[in-house]
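> Since chain A is already given, all that's left is putting chain B on it; use the hints.
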Amino acid sequence: MDDKQDQLLPIANVGRVMKQRLPPTARVSKEAKQRMQECATEFISFVTGEASSKCRTENRKTVNGDDVCWALSSLGFDDYADAIVRYLHKYREAEKANQKKATDTDKVNKDEESSHTGSQAVQQQTDQIPEPTLEFRLWNLDLLAQKIKAFDSLYQPPASD
Amino acid sequence: MRQAGTYSGLLSGGLSGRTGPHSLPLARIKKIMKKSGDDVKMISGEAPILFSKACELFIEELTQRSWMMTIQGKRRTLHKEDVASAVMATDILDFLVNLVSNSSHSMDNPVEVETIATSKS
Numbered sequence: 001m002d003d004k005q006d007q008l009l010p011i012a013n014v015g016r017v018m019k020q021r022l023p024p025t026a027r028v029s030k031e032a033k034q035r036m037q038e039c040a041t042e043f044i045s046f047v048t049g050e051a052s053s054k055c056r057t058e059n060r061k062t063v064n065g066d067d068v069c070w071a072l073s074s075l076g077f078d079d080y081a082d083a084i085v086r087y088l089h090k091y092r093e094a095e096k097a098n099q100k101k102a103t104d105t106d107k108v109n110k111d112e113e114s115s116h117t118g119s120q121a122v123q124q125q126t127d128q129i130p131e132p133t134l135e136f137r138l139w140n141l142d143l144l145a146q147k148i149k150a151f152d153s154l155y156q157p158p159a160s161d
Numbered sequence: 001m002r003q004a005g006t007y008s009g010l011l012s013g014g015l016s017g018r019t020g021p022h023s024l025p026l027a028r029i030k031k032i033m034k035k036s037g038d039d040v041k042m043i044s045g046e047a048p049i050l051f052s053k054a055c056e057l058f059i060e061e062l063t064q065r066s067w068m069m070t071i072q073g074k075r076r077t078l079h080k081e082d083v084a085s086a087v088m089a090t091d092i093l094d095f096l097v098n099l100v101s102n103s104s105h106s107m108d109n110p111v112e113v114e115t116i117a118t119s120k121s
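So the sequence lines, in the order shown, correspond to chains A and B. Following full-length UniProt numbering, the numbering of the first sequence begins with 1 at its first residue and continues without gaps. Following full-length UniProt numbering, the numbering of the second sequence begins with 1 at its first residue and continues without gaps.
Chain B with its partners taken away, still in its complex shape:
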C-alpha cells in the first residue's frame, strides 16, 4: 500500500505518535499470548509488536466509550461501571460481557468510597 491515506496519521502522529518504543511491554504480551491456549506453540517476533499497537487502539476506544458513559452520568471520574456499560453497548465487545459483569474481584482494595448512582434503572 503506497498511498498515504487515512492511516498514515494514525501511524506517525495520530494516536501514540511513535512507532519506535512500544507503549506496552512485549515480553508480557508474549506471555499472555502463550497462556491463551495450549496450541499456541510459537510466536513470531512481530506478533507482540502488532498486539502492542492493537491493544493501544483497543484501550483507547474502550476508554472513549466508557468516558461517554461517565459524562452521561454527569461525573468526572471514570468508574469500572462505566467500562461495563460501554462493553454492554458494543457488539464486538461481547467477549468481555462475562468479565465485566463478574463483580467478585479477587483484586481487593475497596478504594472507591463514593457509590455510583447509575441513571439506568
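Excised from the complex, chain A in its bound form:
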C-alpha cells in the first residue's frame, strides 16, 4: 500500500493547497483528498505526456520548461500556461542572478555557459540550463496573441501582404 502512496503527490501537501481555497469552516473528507491526490498526479502525467510527445517530434531528449508551458496551453489550460510562462521567466532570471553571484568570485562572468554551481538541489539530472532566449520571448507574445485570437471572433488572420 505504501508503494501506491509513493507514486502520488503527498496527501498532506494536497490537503494544504485545498484548504487555501476553502473557507475556514469548510471540511474535506479523507476520500476527497485522496481523489484530489490522484487527479493532480494524473494531471502531471497527462501534461508530461504531451510535452514529451513534442520533444520526440522535435528529436529532443530533455523535457524542459518551455515544453511544459506549451503542453499546458495545448491541452486547454491557457490560464495556467500564461501564469507559468511568467513564473518560468522569473525563475530563470533568479537562477541567472544566483549563478552570477556564485561564479563571480573566481571566474570572469560568462553569460552564455554558466557553471551549474547554484541550484544543485533542483538540478540532479539536468541536461542543461536553458536561457531566456529571444525565441522564448517571442513565443510568450505568440501565446498572448493566441489567447486574444480565441476570444476575438472577429479577428482575421493577416493576409500575406
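Hints in this document: simulated from the structure, not taken from any laboratory. Please read these numbers as outputs of a predicted model, since none were measured by experiment. No false leads were slipped in.
Result set (DSS-like, lysine-lysine): computed pairs, CA atoms no more than 27 Å apart in a straight line: (1) B:Lys31 <-> A:Lys61; (2) A:Lys96 <-> B:Lys30; (3) B:Lys31 <-> A:Lys90; (4) A:Lys19 <-> A:Lys33; (5) A:Lys90 <-> A:Lys61; (6) A:Lys4 <-> A:Lys19; (7) B:Lys41 <-> A:Lys54; (8) B:Lys30 <-> B:Lys41; (9) A:Lys61 <-> B:Lys34; (10) B:Lys74 <-> A:Lys19; (11) B:Lys31 <-> B:Lys41; (12) B:Lys30 <-> A:Lys61.
Frame of chain A; chain B shown alone:
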C-alpha cells in the same frame, strides 16, 4: 514580458504568496513525470518547479469547483463525489473522467459514515 500585469499578483502574493519554497515536493513530481511514459528520458531542472506551481493552480481550481458542488448540495464537507461532479462539468478535465468514475478504490479506509444524497437524479 516587463509589465506588471494581471499575473504579478499571482506570482508574488495572489495564490501561494511565495516563489521560494515549493508547496509540492520536487522529487516526487519528477518521479511522476518519469513514470508518465517510456519516452520521458530526461527532465530539466525547471520542469518540476513549473509543475509544482501548475499543480497548485490545478488543485485550487478543482477544489473551488468541487466546493461549488458541495454548496449546491447544502453541505459543509467536501466529498469525493463533489470532485467527480466538478470533473464532469468541466470540459478540460475530460482526462479525469475515468479516474473519478472508477469507484473501485484500492484505497481502503471507509472513513465516511454518512451517505451522500446527491440532488441529481
